[in-house]
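Student: Model the full assembly from the supplied sequences, consistent with the hints where possible.
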Amino acid sequence: MRKWFIIIALFLVSLPLYSQVDSLRMGYSVQGNVVDAATGRPLESVHVSIPGRKQATVTNSDGFFILKSNQPISVVECSYLGYRTQQKKADETLRVALQRENLQLQEATIISGDARSIVEAAVDCIGENYCTQPQLLEVFYRETLKKRNRYTYVAEAVARLYKSAFNGFIYNDAAALEKSRVLVSQRRTDTLSVKTQGGPTMAIGMDLVKNTQVLFNKEDLALYGYEMLQPAYIDGRLQFVIRMYPNALVDFALYNCVVYIDRELLSFTRVEASLDMSDKNKATRMMLVSKPFTLRFVPQECSVVLNYRLENGKTRLEYFRSTMRFACDWRKRLFRTHYTAVNELVVTDVRPEATPIRRQERFRSNDFLPDKALQFYDPDFWADYNIIEPSESLEHAIRRLRK
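For what it's worth, the numbering used here labels the leading residue of the sequence shown as 1, then goes sequentially.
A few of these clues could be false.
[Unchecked claim] Simulated pairs of lysine to any residue, SDA-like, Cα-Cα distance not exceeding 25 angstroms: (1) K314 / K146; (2) K54 / E77; (3) K218 / K146; (4) K146 / T337.
[Claimed, not checked] Here are the in silico distance ranges between beta carbons for each label pair: (5) G127 / V250: 46 to 56 angstroms; (6) Q71 / H396: 28 to 38 angstroms; (7) P231 / G127: 20 to 30 angstroms; (8) P356 / R187: 41 to 51 angstroms; (9) G27 / V250: 51 to 61 angstroms; (10) G82 / E264: 14 to 24 angstroms; (11) A327 / E219: 29 to 39 angstroms; (12) N217 / Q360: 24 to 34 angstroms; (13) P246 / Q71: 20 to 30 angstroms; (14) G127 / H338: 25 to 35 angstroms; (15) R243 / L295: 33 to 43 angstroms; (16) H338 / Q133: 43 to 53 angstroms; (17) N149 / L295: 42 to 52 angstroms; (18) A327 / T132: 38 to 48 angstroms.
Simulated from the structure, these hints should not be mistaken for laboratory data. Ideal placement from N, C-alpha and C gives every residue a C-beta, glycine not left out.
Tutor: Okay, here's the thing in structure tokens:
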């Protein structure tokens, strides 16, 4: 299945805040900001974790984070592409200044080889490198929609994500909501009856390393050209960095990609993929599920970033962020309206027992988060939960939408 991006549908209804269970409460926390040591600029999407434990989160667009645990926190670790991983003693409020990684290769280190052959070798090694045991992950998921520069929709969920052992298929993987809330603009002019692919279960379909049918299969790999870029370090490990670009004429849109491959293990560490927009009709077919007949949909960007974490010699999905920009207009209207949809998921913990999710609990790929959120209520959603903190702009948007 090649379609793998977000579902968006806004309705003129009043939606409060929602929740279900209390299984994820954390009694200890540390918060802080992560910045560039040279410029002081806040760093977004920095991975913040507790060494030796499974709890983790990421910084928001202001570089701010809150990391929570059910045990006392003594040290936090911050890692970010292109910067040195840093551990710091935990205080109530931290300021972590990350320094850029200077690429210094040992004299005996030789970066060579055919770029395509390296990617194909990494694909062949997925069965060895990907987690070979089922896992039950605790995740935080957020999707937002902006009309021009104003937020009109915010949906958030704390969920369980069951990932079966690698076998080349994703059919046994499933997600279930623990807690969720949705806020929707009630302005009639904000209503948008457009649906594109995705939803909270997208971490299953968008796990590109496990779901090789989307990109990393032999048939599709033959459609791309390959270029070796300058190597990089991630978490102190040297990476091959390879660009993939469309190199064939087919009846569907291809991707422009940059992949990071661990030089020692040949495991995928990071994937940056962006749908080729050179043919708008092909891009639309990949992105769109349905729309009103008289509405014109103009795709502008459809991209995703996925990070994979190495634990005990095996990799698993750690974080993803997808961005979709598009414009819509009705055929009798003069101006187009521009929209931006951003979806983010971070694995916040790994449960000790990988219990499969029961069928009646599963969030299906065609479910819509507001429909599910109507089952739950919680006026203090943030409480003691380990989540991605909202940026100042998003907090302001939530206050406005509440009103």
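Student: Look at each hint and say if it fits the structure.
Tutor: Hint check:
no.: 1; hint: K314 / K146; result: violated (37 angstroms)
no.: 2; hint: K54 / E77; result: holds (12 angstroms)
no.: 3; hint: K218 / K146; result: violated (37 angstroms)
no.: 4; hint: K146 / T337; result: holds (10 angstroms)
no.: 5; hint: G127 / V250: 46 to 56 angstroms; result: violated (27 angstroms)
no.: 6; hint: Q71 / H396: 28 to 38 angstroms; result: holds (34 angstroms)
no.: 7; hint: P231 / G127: 20 to 30 angstroms; result: holds (25 angstroms)
no.: 8; hint: P356 / R187: 41 to 51 angstroms; result: holds (42 angstroms)
no.: 9; hint: G27 / V250: 51 to 61 angstroms; result: holds (54 angstroms)
no.: 10; hint: G82 / E264: 14 to 24 angstroms; result: holds (19 angstroms)
no.: 11; hint: A327 / E219: 29 to 39 angstroms; result: holds (33 angstroms)
no.: 12; hint: N217 / Q360: 24 to 34 angstroms; result: holds (33 angstroms)
no.: 13; hint: P246 / Q71: 20 to 30 angstroms; result: violated (48 angstroms)
no.: 14; hint: G127 / H338: 25 to 35 angstroms; result: violated (43 angstroms)
no.: 15; hint: R243 / L295: 33 to 43 angstroms; result: holds (35 angstroms)
no.: 16; hint: H338 / Q133: 43 to 53 angstroms; result: holds (45 angstroms)
no.: 17; hint: N149 / L295: 42 to 52 angstroms; result: violated (21 angstroms)
no.: 18; hint: A327 / T132: 38 to 48 angstroms; result: holds (44 angstroms)
Figure legend: structure checked against the earlier numbered hints; hints not met, in rising order: 1, 3, 5, 13, 14, 17.
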